[in-house]
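From just these sequences and the hints, can you work out the full model?
Per my numbering, the very first residue in the sequence shown carries number 296; after that it's consecutive.
These are computed hints drawn from the structure, not numbers from a lab. Because the structure is a prediction, the values reported are computed rather than measured.
For each label pair, taking beta carbons as the anchor points, the in silico distance ranges come out as: (1) E333 to K300: 38 to 48 Å; (2) E306 to R328: 27 to 37 Å; (3) Y313 to E333: 18 to 28 Å; (4) A331 to M296: 42 to 52 Å; (5) K329 to E309: 24 to 34 Å; (6) R330 to E309: 22 to 32 Å.
We put the CB at the ideal spot given by N, CA and C, even for glycine.
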Amino acid sequence: MPSEKDLLLAELEELNGYLRRRYRAGGTIPERRKRARERGVFASLRR
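See below:
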């Protein structure tokens with residue numbers, strides 16, 4: 296059975312990979328903003 300430390304490290308590495316993939320894909324918030332703008336949520340703020 297793996298120790299608690301091993302589990303934590305595995306979890307951290309998983310999170311790290313996830314974050315790195317998100318940022319490589321164009322970041323989190325700008326991406327969300329772009330998607331929202333396409334849906335028209337920010338249409339009034341675009342001017």
